[in-house]
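**Q** Dock chain B against chain A, hints included.
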Amino acid sequence: MQAQRDPSAYWKMAHDPYCLEERIISDLEAIMKKDPLLEEFDVIPVTEAKNRSPVIHISHNLGIEVWCIKTVFMYCYENSFKLEPLWKKEYLRLERYTKAALLLNANITTLWNIRKKLIVNHFLDIDCDFLLTKLALSQKPKCFEALSHRRWLLQQASSSNPHWVETELSLCDRLSSRMKCNYHAWSHRQFVFSQAIKQQGFSLTLWASEYEVSDVWTKFHLSDHSGWHYRKFLLDQFRKNLDYIEQHMDVARKLLNNIPGTTTPTQLYMELLNEELQKNEDLILSFNAHETLWYYRRFLLQAGTISHAENHFLEKCCNSHKSNSKRAAATGVDGVQMRYIEHHRRWLSDFCV
Amino acid sequence: MVRLYSLAVLHRNEQGSPQLLKAAYDLSSFGFFQRSSVQEFMAFTAKILTERTNAASRQSVKQGEYMCHIYVRGDGLCCVLTADHEYPQRVAHTLLTKVLDDFAARVESSLWSEGNAACTAYSGLEASLAKYQNPREADALTKVQEELDETKIILHNTIEAVLQRGEKLDDLVSKSQGLSDASKMFYKTARKTNSCCNFG
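Here the protein sequences come in this chain order: A and B. The letter at position 17 of the first sequence is residue 17 when you use the UniProt record's numbering, and the numbering goes up by one with no holes. The letter at position 30 of the second sequence is residue 30 when you use the UniProt record's numbering, and the numbering goes up by one with no holes.
Bound conformation, chain A alone (with noise of 0.2 Å):
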């Protein structure tokens, strides 16, 4: 074992240390060793290949230039199948290759997997996937293989860190704030507050925070479908945990701003669906055309009673369509909310027979 972490012998394995690959990928390491802090990395386009390193260090991030990535990324991926089979004496080698590889393309999952059989046999640190994961998803926020690298890795070890739900939330903010309807972000989120109520129990400060994030991140992002269906998914952890509520009703009523009146945790939950409906009805009345706002709606009105104020609310909505048409001519987004409509109505007499 001593032997095989001589850096000599390490050398030795190697077809030519000192050819161009090995240098950039050495380059890659060594920054990403010295910086555990990295927040980006990224692929910059540059016209032609100066006689320097591309590999570019500014302040937390970590570039690569484009004109060496196709060498970098066949060299290594060739190279990391060929020493797979020897993956128990070349390790150190595979997981040089591994890493470098998948940090230029994060999509292949077979380098992941070959990860994971280094981590499970203790010749891989998790702290360095952790990382890894990190940077990939900094370039492709939507990188599925990556986020599901993480998931595995959490359920290995969520104990090592003690705030790896803050860092896992922090993380899935800055995702779905990079790219727009980011759905893999938000089902990650949903891992994580899964696994942290199984962890250490249902708990509504956790809860409420994360309520309001949603409230804040929705208002702004009218069309972002997974955001909504985040905001669903939290409604529902509260209507499944209503036993524990009852038991903490002073902290519910407090962490919701006291709404007045509610005394037990359905009546908390109803109140809840109905601060949603109003305030999805302003959201549909002065923003024209968003059909999420529409289904979100109707599962608002699912998950509670529907009342004969709704056909109010589609009149509104007629009214005010009328008194907006002449201005929504120009933008041809009129005729789409007017779609919309009919099918809320038809949606609600199908639900009520």
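Hints were generated in silico from the structure; no laboratory data involved. Here a beta-carbon is modelled for each residue, glycine too, at the ideal position from N, C-alpha and C. Among the clues, some could well be false.
[Unchecked claim] Selected chain B positions facing chain A (Cβ under 10 Å, derived; list incomplete):
| # | residue |
| --- | --- |
| 1 | VAL2 |
| 2 | ASP84 |
| 3 | GLU86 |
| 4 | PRO88 |
| 5 | GLN133 |
| 6 | ARG136 |
| 7 | ALA182 |
| 8 | LYS184 |
| 9 | PHE186 |
| 10 | TYR187 |
**A** Chain B in isolation, oriented as in the chain A frame:
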């Protein structure tokens, strides 16, 4: 998403060539290494559109996932707002009017043609950009400005539609002096690859 990326005030002299007077950007949703190129491109687009919009008229131009709203006043002062598709168009154009009124009130018109240096003292753009990220802030404003409805806003589906006959965006990009080599390269790669992966 409802989001504003940049707000720029330009001035067009009698020959029709535009000059950027002041701009504010919110690029936090872009990657660290992309920000400088994105900023250059927003300034570049603002200039292109200013050159190609008639005096005293309004346009909204779609480009990819962005929407540029532009208003050129009769006196050559002009404002360009880069937002996304979900930012309400009416609010955007009301905001343009408001920003220009504010700018004209604070900076003397004799200074406009002198360009950038003379107008640096004006600092209202950053505040407006931050405040109107939430379009509902502008609601009260829109209600007062009903006359905007009467104004016709021309809508274009791409920047190419705004260009004059025989002009091509690729050529304009490669000829531009305001864009660095890195940004031109960025433009070429962005055209080739679709950076977001599947499950769009």
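**Q** Each hint needs a verdict: does it hold in this structure or not?
**A** Cross-check of the supplied hints:
| no. | hint | result |
| --- | --- | --- |
| 1 | VAL2 | 5 Å, holds |
| 2 | ASP84 | 8 Å, holds |
| 3 | GLU86 | 6 Å, holds |
| 4 | PRO88 | 7 Å, holds |
| 5 | GLN133 | 7 Å, holds |
| 6 | ARG136 | 7 Å, holds |
| 7 | ALA182 | 7 Å, holds |
| 8 | LYS184 | 8 Å, holds |
| 9 | PHE186 | 5 Å, holds |
| 10 | TYR187 | 9 Å, holds |
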